[in-house]
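Novice: Here is what each chain is made of, one letter per residue.
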Amino acid sequence: MPDLVELPQGALELLILKAISLGPLHGYGILLRIQQMSGDRLEILQGSFYPVIYRLETRGWISGEWGESENKRRARFYRLTAAGKRQLKAESERWSDMTGLVASILKVAPGEL
Amino acid sequence: MSTFARIRTWWNALAHRESVRQQVEAELEFHIEAWAEDLIRRGVPRDEAWHRARAGVGRADTQSEKYRDAIGLRLFDEFGGDLRYGLRGLLRNPGFAAITVLSLAIGIGATTAMFSLIYAVLLHPFPYAGADRIMNPVLINEQDPSQLRWFALWRPQFAEFGEAKCIRSLLGFRNKSEELSGKSLPEDVQAVYLTENAGQFFGVRPLLGRMIEPSDAEGGGQPVVVLNYRFWQRHFQAAGDVIGKTLELDHAMYTIVGVMPRSFAFDDTTGVGDVYLPAATLHETPAGLRFLIPWVKLKRGIIASAASAQLNALVHAFARQNPQVYPKKFHLALQPIVTPYQQDTGRALYLLLAGVLLVLLIGCANCSILLLARGAARRHELAMRSALGASRWRIVRQLIMEALIISFAGAAFGVVASWWLAELPMHVARNSFPAESVIHIDLPILGFSIGLALACGMLFGIAPALRLSRPDLAPAVQSTARRIAGRHGHRRLNALIAAQAALTLLLMATGAMAIGAFLRVTHIPLGYDPHDVLSAGIMTHFSDAAEWAAIESRSSRTAYFERIRQQMATVPGVLSVGISIDVDPPYGGSEQKFELLGRSSGPEQDARILEVGRNFFSALRVPLRSGRVWDEVENQRGDGVAVVNQAFAERYTPQRSPVGQQLRLPDLVSHAPLVAASPSSSGFRTIIGVVGDIPNDGLGHPVLPAVYVPYTTLMMPYAQYNIRTRGNPLSYMHALRASVASVASDQQISRGASTLESELASDPQWSRQRLFSILFGSFSAMALLLAWVGLFSVVSYGVTQRTAEFGVRMALGASRTHILWVAVRAALLSAAGGIAVGAITELFLSRMLAQWMNSRSAGAAGLFAVIVLFAISTIAACLMPASRAASIDPCDALRYE
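Note that the protein sequences, when read in sequence, are chains A and B.
For the first sequence, the working numbering begins at 10 and goes up steadily by one.
For the second sequence, the working numbering begins at 393 and goes up steadily by one.
This is chain A alone, in the form it adopts within the complex:
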């Protein structure tokens, strides 16, 4: 089993937005997709997962609707709103800028300065 990674602050929101951007999902589905996308290297604390979903919905980035799950049960499906798409784009850019910057600093070898 690969090593587990802990998520930094704010990353979970971004991942949830990304997961939903590929198509509407219910809560459990989001969780599965994130794990799948991470190659099972991420384990998300389930207790903190839903409050993040609620917050995203309150901000109007995602919207939830009741629908039917693959095994014929009532489940709440979330999809990205227009505002959510904008947020995902802006936030992904910010994230890659930051990681790129941090990575480039870390690459600096002694004597290069």
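Hints are supplied without guarantee of correctness; some may be wrong.
As the list claims (entries may be wrong) - DSS-like mimics (lysine-lysine), calculated; alpha carbons at most 30 Å apart, straight line: (1) 458(B) - 81(A); (2) 721(B) - 557(B); (3) 637(B) - 568(B); (4) 98(A) - 458(B); (5) 458(B) - 27(A); (6) 637(B) - 575(B); (7) 557(B) - 691(B); (8) 94(A) - 458(B); (9) 27(A) - 81(A); (10) 27(A) - 94(A); (11) 98(A) - 116(A); (12) 721(B) - 985(B).
I should point out that these hints are in silico values taken from the structure, not numbers from a laboratory.
Once you have looked at the hints, place chain B on chain A.
Specialist: Using the frame of chain A, we list chain B on its own:
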């Protein structure tokens, strides 16, 4: 971030609480199931799969709370909890709740009432559209700037005036006394003729029908009439179907087209109209009378001073055409229509507002004191909360929430009470306020009282909250609630008691001063007997050519007025009847220069000139000091005789009696169209008598030197009758009207006939002092009551808490007096300190206050009386609950745990 999405979420969570909770739970249930099934599919045993899924996700039934927290409703939910807890706490202590809420209700009610009065009288008194731009143009005589004059415009001038650039619209009006004919006895009505733009100028929606409209000017004036609200109530019993009926005025028929609402009482300064008529219907015979008084509505954004400069030029041009009716040197000033009320009433109202704010402060102090006192009893509870992990901020919030609950409950009661409290001053001193002012509690006033409640809650809640939120954990939790001997928060409590006592004393001293001033005004020796005397006016029908011809000459008019006087005197129960012109004690006459023969006339030789009939003195019971009053023949001649008052004799002829001296009134002449002057009205007169002084410049002012001359000297088109009756003079009105009609069937008695006693009561000085004394008297009573309740509760609380301690003290041999002293010491000493501080402050303030209230200070005696009264009630408030402490049985007290 979309605000809309947030509001929608909140709205759902608040309005559909239960359904949202179910959805949140259902979602989580689904999650648990899906996960468990996944695990089972992967080969985990069924029971363990469910167990793991549940443990991993958490309980569904607490998820709703997490949801509300996540969407940002936590603070709201906590406040809701505080609110419910606070309410429950108050309901558990109904006595405490009642006293605090009532303390505030009194203060907030009185303050709201005073504010709504100020709002109605000074800030928003008139119902007219754009009332702040409506100006009353007055002429200011530059030789005598204190004398303001209305000014009249003749029709052609009126049109020219209305074209001035600064004027948005111009209203012209004229008051005229008319006869309501077609009934068994003629009756007087005050008619106000309005230019036909009146409806648009005032912008007040009529209660029924319509206002005067431009079309009413067509065809020489349409015979239509609009009724004043009060007239409509009096004459038509507020019937809803008056529109279309007719009203007979001066024997002409008018169709009623509208009724104005109660708030419309145009015009309070020249006389509120009973009926409003189109100005085009005003056909008066002497052409000189065809004038209108203007009211100006300025265009938006035009400053009054700029507008006055513009209009000033116009009016000076008019004055060049018609110099005799304008003062020699004058300028025009635009006076906002509220000005006459602001000058006197404004100051009085702000003073009263200060008074009610003091009451409110005392009420707040009361609440603070009670909260602190009760806080001592709650220390156990608060310490427990703190020990269980409540932060200080959380406890402060809880305590302030409780204070706010009290203050809002108080405000609710207060606003209800203010409804009729606000009407009180208007009943007490009716003529100090514009007739239009109608008190109603509306939005700005509600906003004011809500703000007030918030401010009060913070004010009285914050100190106890800060004090109580820092409990000493260990001893408080260990001991039981009751055993703690009160040392806590005592400094603050005592300071509050002292401050409250000081404020109360200050208010009581002011109340004593107001009452004293009023008593002085009512006990001034008047010099005449105002009881059971009616003052009734007779206005001749000078605009009716035929009637006027019969009484136009001086002698015929004298005979006419005398006949009416004799007829009145025949009414059974009428004791005597006098005639006067413009004499309404405590006012009367006008200031004029005079010359005494054989005495160099100094520059400041003025006297009040009063025109009266020979029976005036006997009707009012004014004593004759020396000489005699003129006889019937001299009365008809008018010239050659005069009577002076004692003030005149003392000021101008101190050495010898004035009787027999010669005096001349050079300004006693008139060329006015309706006045018939005697042949040598300004010639020399012999002083034939001296009468006692009666006030002629208002109450509270010294009596001015006065010269009485026969009323026939300058014969006016009207006369005033002073009728002394047996019993209430108003009950003779019908008989008097019949006696007048027996002389001339169309002659009515003017409206507003009133008793001399009510004239006295409407004197501004008299009514203001009465208002002050009643209101400040009740403020001090409220303050005293509040302070009393506060002290009583503090001592009661102390006694309850320290019962066990008193038991121990008694068991150890303390005497009952000692226990009594221990129980009241702190409260009594602080109150005494407060009284001292209050008395010293009062000594400093009293001079200034007396000046504001237009009266002398109550002096040491008044202050002393107030201190004694307050001290006695303080001692009573402390001793009553403390005596319970002293009568405790030590055995019971020790068992009292």
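Novice: Next step is simple, just say for each hint if it's right about the structure.
Specialist: To see whether the hints hold, each was checked on the structure:
1. Distance hint between residue 458(B) and residue 81(A) is fulfilled; the C-alpha atoms sit about 27 Å from each other, no more than 30 Å.
2. Our distance criterion of 30 Å between C-alpha atoms is met by residue 721(B) and residue 557(B), whose separation comes to about 25 Å.
3. The hinted pair formed by residue 637(B) and residue 568(B) meets the criterion: a straight-line CA distance of about 22 Å does not exceed 30 Å.
4. At roughly 28 Å between alpha-carbon atoms, residue 98(A) and residue 458(B) fall within 30 Å of each other, so this suggested pair holds.
5. Only pairs whose Cα atoms come within 30 Å are accepted, and residue 458(B) paired with residue 27(A) is accepted, the gap being roughly 24 Å.
6. Among the hinted pairs, residue 637(B) with residue 575(B) is consistent with the structure: their alpha-carbon atoms are about 15 Å apart, no more than 30 Å.
7. Taken as a hint, the residue 557(B) and residue 691(B) pair is honoured in the structure, with Cα atoms around 9 Å apart against an allowance of 30 Å.
8. Among the hinted pairs, residue 94(A) with residue 458(B) is consistent with the structure: their alpha-carbon atoms are about 26 Å apart, no more than 30 Å.
9. Straight-line distance between C-alpha atoms of residue 27(A) and residue 81(A) comes to about 26 Å, which keeps the hinted pair within the 30 Å bound.
10. Between residue 27(A) and residue 94(A) the alpha-carbon distance is near 9 Å, which keeps this suggested pair within the 30 Å criterion.
11. As the CA atoms of residue 98(A) and residue 116(A) are separated by approximately 27 Å, the hinted pair is consistent with the 30 Å bound.
12. As the CA atoms of residue 721(B) and residue 985(B) are separated by approximately 20 Å, the hinted pair is consistent with the 30 Å bound.
Hint compliance for this structure: every hint is met.
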